[in-house]
Amino acid sequence: MKNIEKKIFNFGLCLCLALSNVITVLAGGAIEIIDITNAQPSPIPGQVIAKVIGIKWDVRSIPVQYSMNNTLDPIPNPLGAPVLTLAQAQAALQTSFDSWNNIPTSFIEMKITGTTANPGLAGFDFVNELTFRTSAGFTSRASSFTTSLIKDRTFADGEDFDEDGDSDFSSAITVCTDVDGDGDIEFPAGFYKAGTILDNDAQFNTKATNGLRFTVGDEALDTNTRSADLIAIATHEFGHSHGLAHVMDNQISDTDGSSSVMFQGGVDTGDPASEKARRSLGSDDIAWSSYFYPEGSARSGPASLQPGDKAFDKEYGFIKGELRHGVLDQPIAGGSVFAIDYLTDKFVASGYSGTTQTSYNPTTGNTSLIINDPAFHILNGKYVIPVPRGIYAVGVEPVDGNPTDADSINRTCRIGSFFGQQNFNEEFYNRSREEAREVRLGEKFPVLVLPGLNLSSGVDIVTSDSININNFGDRDTFGIRNVPPGTLFAVQIPASQITAVNPGGGLLIQGVAFDTGVADASVVPVFAKAMLTTGTVNGTMVTIDLAHPLAEKNNFVGQDNDFAPFYFRAPRAIGAAVLKGIERGEIQNLFIVLQVPTTTPFPGVSGQPPFIGFDGAGPPNGQPNDAPIFGLSFFSFNGGATWFRNQGFNIRFSLITSKPLGQP
Amino acid sequence: MKKLFALSGVFMIVLVIAGLWATKADNLNDVQQTVNPVATSLGTDMPMRQMVEESSSIVIGQCAETKSKWVGRSLVTEATISVEEAFKGDAAAGTQVTVELPGGIDPNRKVAMTIAGAPHISPGEKVFLFLFRPDDGANSYSVMGFAQGKYSVGQANDGEEVVTRDMSSAPLQKGAGLTRGNLQAIPLSKFKEWVKAISSSN
Chain A
0 MKNIEKKIFN
10 FGLCLCLALS
20 NVITVLAGGA
30 IEIIDITNAQ
40 PSPIPGQVIA
50 KVIGIKWDVR
60 SIPVQYSMNN
70 TLDPIPNPLG
80 APVLTLAQAQ
90 AALQTSFDSW
100 NNIPTSFIEM
110 KITGTTANPG
120 LAGFDFVNEL
130 TFRTSAGFTS
140 RASSFTTSLI
150 KDRTFADGED
160 FDEDGDSDFS
170 SAITVCTDVD
180 GDGDIEFPAG
190 FYKAGTILDN
200 DAQFNTKATN
210 GLRFTVGDEA
220 LDTNTRSADL
230 IAIATHEFGH
240 SHGLAHVMDN
250 QISDTDGSSS
260 VMFQGGVDTG
270 DPASEKARRS
280 LGSDDIAWSS
290 YFYPEGSARS
300 GPASLQPGDK
310 AFDKEYGFIK
320 GELRHGVLDQ
330 PIAGGSVFAI
340 DYLTDKFVAS
350 GYSGTTQTSY
360 NPTTGNTSLI
370 INDPAFHILN
380 GKYVIPVPRG
390 IYAVGVEPVD
400 GNPTDADSIN
410 RTCRIGSFFG
420 QQNFNEEFYN
430 RSREEAREVR
440 LGEKFPVLVL
450 PGLNLSSGVD
460 IVTSDSININ
470 NFGDRDTFGI
480 RNVPPGTLFA
490 VQIPASQITA
500 VNPGGGLLIQ
510 GVAFDTGVAD
520 ASVVPVFAKA
530 MLTTGTVNGT
540 MVTIDLAHPL
550 AEKNNFVGQD
560 NDFAPFYFRA
570 PRAIGAAVLK
580 GIERGEIQNL
590 FIVLQVPTTT
600 PFPGVSGQPP
610 FIGFDGAGPP
620 NGQPNDAPIF
630 GLSFFSFNGG
640 ATWFRNQGFN
650 IRFSLITSKP
660 LGQP
Chain B
0 MKKLFALSGV
10 FMIVLVIAGL
20 WATKADNLND
30 VQQTVNPVAT
40 SLGTDMPMRQ
50 MVEESSSIVI
60 GQCAETKSKW
70 VGRSLVTEAT
80 ISVEEAFKGD
90 AAAGTQVTVE
100 LPGGIDPNRK
110 VAMTIAGAPH
120 ISPGEKVFLF
130 LFRPDDGANS
140 YSVMGFAQGK
150 YSVGQANDGE
160 EVVTRDMSSA
170 PLQKGAGLTR
180 GNLQAIPLSK
190 FKEWVKAISS
200 SN
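Top to bottom, those sequences are chains A and B.
The first sequence: position 346 = 345 (numbering that gives the first Met the number 0), numbered continuously.
The second sequence: position 14 = 13 (numbering that gives the first Met the number 0), numbered continuously.
Hints are computed from structural coordinates only; laboratory data are not their basis.
Keep in mind it's a predicted model, so treat the numbers as computed, not measured.
Backbone N, C-alpha and C fix where the C-beta goes; we use that ideal spot for every residue, glycine too.
Hints are supplied without guarantee of correctness; some may be wrong.
With the C-beta cut set under 8 Å, the calculated list includes, among others, these residues of chain A facing chain B [to be verified]:
1) T145
2) S147
3) I149
4) D328
5) N422
6) A550
7) E551
Could you put the whole structure together from the sequences, leaning on the hints where they help?
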């Protein structure tokens, strides 16, 4: 069946079957804290069980009012001109706020309404401060820090919660207001849920030692990594300011290397195109802001529909399901489940799996994972992804440090990582074939999402128990810069390694994966060709059969700072053919091959080819090799006529295999 | 004929370039031809060399306890680290150092301060830390590069200690061979060698 016909057939099948799938879930992409409301005793004496929850502003806080620290004008910077005035910086920051404010399906609204003359550092004082002052210990580019409740709480009129001698709650108001005109915000007295944000500040590092020159406007964009577009940086921070966590999405489509705004460190300050792109929200950013602040969810107030708004529940539906680890047989906390457009492959949104809890010491404020039992900490592996109406393919990738580590996302991801759950291959949901042992990891089942209809629940994913043959250790470097177009890289997988996966038994060869990257964040690492083929090695004579590949893909799209899989359509047939060939002595090796684009210029401001990951550089510039240099990596500059053995590195290409279905 | 001539010319150029590269092939084994990941799109990271050079203290230790406190109007978490091994600075093995982490929980007021991407250290966690004193005479250290200077020390399948970004109670994969997924940890012994090599080359 042709690909498009297959997609239409699958879509029809999806439509027929989807009505039977009904599961309720909660999970998400939020910055998380704990909730100790009505907490039960923990297994640790003296401690209580704390639920892990997201943070958000209460509707009474909307619009969130910010104050601009006016004690630095112009804005200092470590590089000199162009120098921003305070007014220019304020206008840029409001532009960043407006990116979020203008989402028609989200009722979040953040605006700069005043100034504060704070000569010190921002903090918890009921003044939502924007400042270019940072502490000596602050080494990041910028940050947004939030004070929120960890327990449901009713505040009485006149209560001075931040202990500054001034009332912070008033029964005379129904929305946050600076009642007494002293610069800080008073909240309406009354009940607030755990997770409610009371104060948020954003700080931007301009220190001479490790700060940035913040700029505004296209003409100021340059390749100096210490010069950054203020709107791009601030838009990211203001996502945190209303509760959004970091995401894994650093490549929107096969043609657009830009990341979601909430990807950590996604502003490549050496790439003007990246900085420009990151001024605007991506579909994932819009989806999660709308999910947490759904427009049209109330009949009055900020959440009610105003001119220009669109009701979230009329525009968005949910993909819901549970993620389980196929080898550990556990629900996964903090797996990144993503949705791409089924027809275009364009990334749309993602969410983290899992409902989690931890043990909390009410005396010290410590939370801990010392109850070393995943069943205690991980209640389920449920996830939700808010997406506009459409047809989607759903996939999952591990939060394994590439492109982002769990520690930098949220507590749920940290818990999953703590229990060793992030050791699986990226794969797609394929409905009835979704098992720990499955044949085609790249097979996509279409998931139909229609707002208001519960068609897209029960999208349950089990990670595969695939076995990777990796002739490499941890990544030390990327390369190779300035190689000529058409350069070929190859990794040898000797027959003995292949037969060792399931000695005496069958084998599925499911695919290959390439560790790839780019010099410029706005660029997609597209390679001319990826293939799996056979070859021989006799001393220095290497012959790789590029003319008769077992599997081949032209214009292979890699991933930025991650392994990019190329999954095969016929793993059984390839596995059987390879084993038969080995048995007959016809196959001595498999070769995983990747070719750099054959034409120049390479895209991007750096003009560099797409990179591949290397293990092995040696000290002092690279870390000591955690794996020997195997001599199984090769390269060719003449289309494969001559191959050179790489003696300094192991190329990080992986062969993905599995035992056949039904075999233990 | 002109076309044939032109094609021959192109072919010759390709041959020459291929030949030039063939002679340079061995150089590809040279680290100079590769790119430190921090020079790629991940440009926000601090190179290891810079982290070693700018750290005032580099230690391996175990977190004895953590407690949150207010510093001005900011909540911070103080992690007390029992130093097991020191590579740089005045924090000797057998002593304790205090590392101040942004954010924390106030158990009395029942509030938390959170900062996305900030480092976390848990009681009982073994850590490899790159530290600096934010102010002259400060009693506590900060982590270099926001969270970048904090590594967890875990165990591999064979019991060897390994360095990893995220704290893990489960055995981790290291090196080459048959693996699940592609998450790989670095042997602690190798990581130490790396830090020492950079330190000694300065």
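Evaluation of the provided hints:
1. T145: holds (5 Å)
2. S147: holds (6 Å)
3. I149: I149 of chain A check passes; min Cβ-Cβ to chain B is 5 Å, inside 8 Å.
4. D328: violated (13 Å)
5. N422: holds (4 Å)
6. A550: violated (19 Å)
7. E551: violated (22 Å)
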